[in-house]
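Enquirer: Protein chains in written order, with my numbering: chain R, 5 to 346; chain S, 975 to 1778.
Be aware that a few hints might be false.
According to the in silico footprint, chain S covers these stretches of chain R (three or more CB under 8 angstroms from chain S) [stated by the list, open to error]:
hint, stretch
1, 10-18
2, 48-56
3, 66-75
4, 90-102
5, 166-173
6, 332-341
Below are the DSSO-like pairs computed for lysine-lysine, each with C-alpha atoms no more than 30 angstroms apart in a straight line [stated by the list, open to error]:
hint, chain 1, residue 1, chain 2, residue 2
7, R, K328, S, K994
8, S, K1006, R, K272
9, S, K1686, R, K204
10, S, K1513, R, K111
Keep in mind that the hints were calculated from the coordinates and are not lab data. Note that the coordinates shown come from a computational prediction; the quantities given were computed from them, not determined experimentally. From the three backbone atoms N, C-alpha and C, an ideal C-beta is built for every residue, glycine too.
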Amino acid sequence: MIKQQLEAIRAAAVAAMEKAEKAEELETLRVRYLGKKGELTAVLKQMGKLSAEERPVIGQLANDVRAKLESAIESRAALIAERVMAAKLLSETVDVTIPGEPRRLGKQHPMYQVLDEIEDIFIGMGFEVIEDREVELSEYNFTKLNVEEGHPAREWSDTFYFTEDSSVLLRTQTSPMQIHAMETRPLPIRMIAPGRVYRKDEVDATHSPMFHQIEGMAINKGITMADLKGTLNEVVRRLYGEDTVTRFRPHHFPFTEPSCEMDIQCYKCHGAGCPTCKGEGWIEVLGAGMIHPKVLEGCGIDSSVYSGWAFGFGLERLALGQYKISDLRLIFENDVRFLEQF
Amino acid sequence: MKLSRKWLNEFVDLSDVSDKRFNDEMTLSGSKVETVEREGAEIKNVVVGRIVEMVRHENSDHMWVCRIDVGREAPIQVVTGAQNQKAGDLVIVALDGAELPGGKRIEAGKLRGVLSEGMCCSFAELGMTAHDWPHAAADGLMILNADPELMAKDPGPGDEITGVLGYDDSVVEFEITPNRPDCLSVIGLAREASATFDRPLRLHRPDVRGCGGSIADLVDIEIEDGDLCPRYTARMVRNVTIAPSPLWMRERLRASGVRPINNIVDITNYVMLEYGQPMHAFDFSCVEGNRIVVRTAREGETIRTLDGNERKLTANMLCICDESRPVCVAGVMGGANSEIVGDTAMVLFESANFNGVSVRRTATALGMRTDASSRYEKGLDPMNTIKAVERACELVELLGCGEVVDGVMDVIARDRAETVIHMEPAGINAFLGTDIPAEDMYAYLARVGIERLDDSFPDADVRVPSWRGDVLAMADLAEEVARFYGYNNIPNTLTNGASTRGGFTDVQKFERSLGVSCRALGFDEIITYSFISPSYYDKIRMAEDDPRRASLRILNPLGEDTSIMRTTTLPSMLEIITRNYNYRNRSARLYELGKVYRPRADGLADEPKVLSLGAYGDGIDFFGFKGAVEAILREAKVGAVRFEACGDNAAYHPGRCARVRAGETLLGVFGQIHPLVAAAYGVEAEVYAAELSFEALCAVRGGKPEYQPLPKFPAATRDIAVVCAECVTVGALEDCIRDAAGGLLREVTLFDVYRGPGIAPGSKSVAFSLVLRADDRSLTSEEADAAMKRIVAALNETLDARLR
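Whenever a hint applies, use it, and build me the whole structure from the sequences.
Expert: Encoded structure:
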């Protein structure tokens, strides 16, 4: 009799629990069946009426039923909780295509990005970076660089002057920093020197009265033109890519002898000739040479013991080339729509 | 320098060398080729035609219908409006599908109903001028059989016209470096080409027959200023007949970009191109007193130059003068008063050497850079004057345009010593990093005329030829050797030797880190000009007596706007802000680490760097901007930062400007730009700017921080709100709180400033959140309360701030 009652409770309770959709419903069921005044408890109260043989059997059965119901509640509760969570997450769904809150880091000027790249290459090769004055003596900008009196670069039409006797000027090249380094630094020297330079050019797509150059120099005993070539080849490969093809052409600078210009094979046409290289197949990247013995001697360095190489080039042109910027004016215009592109 | 390859072949035979190979090899040996142009390259399908018959066009009263033999099986029919042709003439015919200069295409079609299978051309339609064809009709067809020189080439129907007209040369344009004026000539480039391709150089020695007489009887030549004119060489020609020069000469001049004029003038140009020695021809009948004086101009002298302009001469300009007046601006341009004209009978050829700098300055001052002056200005070989004048006279005889008077006037005012260099092949190899045999080195040098003076070996003395004024020492010889050995055959080695320390200095690293901070805060880097206009100081309302107005002034600026070196970066920043504002960019956050230039007693400048910040738009306000400044200082680990109100910087809003200090060190100033300044720039937005001294930042920046243990014990948080007078600053309240709190106070955070109902006018309520903590124990609330009591009392006593 009790046995049948227990079986009935089990069946009814399990069926009801499986239908429960909410945590509260489940709780009501738990109270109804397992609570102190619950149905199972009520049945168990009749245990006293049972015989000594029946009691353990029914007791066992009752415990089984209780365990069954508890586990049914537990698993149903877990299922309900899972559904609740799923519904909550669904309701919290966002449109991931909506843009994030605007956060913009500032940008380094593209020209200085290029400069940083160059500096890092030379730093890795044991070079130092030096800076020096821009308001310079003619002696350092010209004379000590073997640019003689009467040279066209010295004309007032080309160079900005501060004094009537043409002795103080805005440096027209970064090369005077070579002289300062030779005069003040112990040998050997390995340095690069970037900076602003000034020439009397009207502003247009390729000219600016102020622009930037970078200068490099190594002086030691036994430095050769082969060293110059090898070092510059290495630098250019790091800048333009490992498979860059280079060539050196004789050229003329007053402060180097022999002098050269370095070309890279056009990265667009690989030497065939195209608009980028103006049909030449090559693009000039820098001027260089062995430091003129007169320049060394002028700085008190014995040219029969020491030799050195030097190079220089314009940073703007490099930046323009690297970023395919068509007009130099953009560099100095500083339009944020331009700057944020880099 | 434009070089005709046909002309070049006369001196070194490179007829089998393609344009491409020629360009590449010349470029690699140092004569950089800029461009190469094939003359007549635009002309296609244009041939010689013989007019077989011509009849009137039936529908036109002026056109002719010609049947023309163009070398095909049957003649073609061409309609023309020209009138100067007749049957049997050889004419230029552009065939169906022909191309003419300027991209013009000729196609068969009907002209007034009659088929025309091409077009008969004038020289103009081939892109040539009457200077090229002085004998041809100026309007009308070019009749080839009217020109005996052309007929000498035996043209026939169907021949390509470019070949017949000699319009098929390759013209190579070189970039000649200023140290090589000898290469501004066909012979100079021939010498380079001969050395480059290692082929023989065939030089021609001018030979003048002469006609008797003596130049010394006809003219006196005097050099007054030997520094400006080291040498003046002249010859005379009499019984001159002015006429067009021959076709071959005109072709070469045209290819070289020089316009043919008449035989005498063309000869001077031809010799200049061939020898690199500018020449001038005077009509000697116009040279007064039979005297040539080379002197500087006298005050007030003028000359009308050949281009028709009246030129005022100044005392530093060298002139060629006759007895009384200038007849030529030396090395620049001749005078109209002695110009070669149609009836010139007596010519004096000048072949002189002038000081390059003087010629350049004169040419620049007169605004007339000529073919002659651009050669002279680089300093020419004084030994070349004789050769050139001899060549000119030889050409006179060759052209039959006059009789050359015997004798040469050659006045040498300054002699130039020849250069002898001691050549050490081992030293050159050590310098270049090569292993070139000494014999090879001497062979390379010999190719460019540098000859050994003795047989000693391997070291020997070598003599540099007069035209190589650029070769003076061993390093120059090394370059000559390297050029012909090939720069690209020199090995590539990494620079060896004792190593240097390398690396960025601490200051350079700090500079880079400042940039990183600025960018992390959203500021873009800008680059501005170092020079500004003096009026920009007014624009930023700088006081008249402000010492920063003392700026270095450029004496020859491009314009007022770039005429002084800035002593403050503020105008530069505001200019860029303004530009962005005018471009309708909604906002900008900008920074620059740029120099200012403070004049120094020695004439140079102190050039300290300034970190400039600028911003407008996107809701930026004083505290937003200040937050950026604070973050930069925090990143630089600057301690003891203080902000002081700054009402006396006229560029800034008097109530929204602060000086920043670290301890006693002034770092700079920042704040809102004064509305009047913003208005002066035309910016209606609130603009913020900061100017921080890089030097000062460097001085106060912190080093590597020492780790502070994280708190082990809980903190007590207390909020406090006080009412105080408006004039009491938050900074003062904070300082007071810190001073009073004792060692337990860890943080003071402002969280409210309130004015309004409940607070008396002229007062404000300021609320802080305080964090108190001990490092070694949990703070009891009694301890915290005691500290708060001290704080409240101190605020009360020192600042009359009362608990709200």
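Enquirer: If a hint holds in the structure, say so; if it does not, say that too.
Expert: Hints, one by one, checked against the model:
| no. | hint | in the structure |
| --- | --- | --- |
| 1 | 10-18 | violated (count 0) |
| 2 | 48-56 | violated (count 0) |
| 3 | 66-75 | violated (count 0) |
| 4 | 90-102 | violated (count 0) |
| 5 | 166-173 | holds (count 5) |
| 6 | 332-341 | holds (count 7) |
| 7 | R/K328 <-> S/K994 | 28 angstroms, holds |
| 8 | S/K1006 <-> R/K272 | 22 angstroms, holds |
| 9 | S/K1686 <-> R/K204 | 66 angstroms, violated |
| 10 | S/K1513 <-> R/K111 | 29 angstroms, holds |
The earlier numbered hints that this structure contradicts are 1, 2, 3, 4 and 9.
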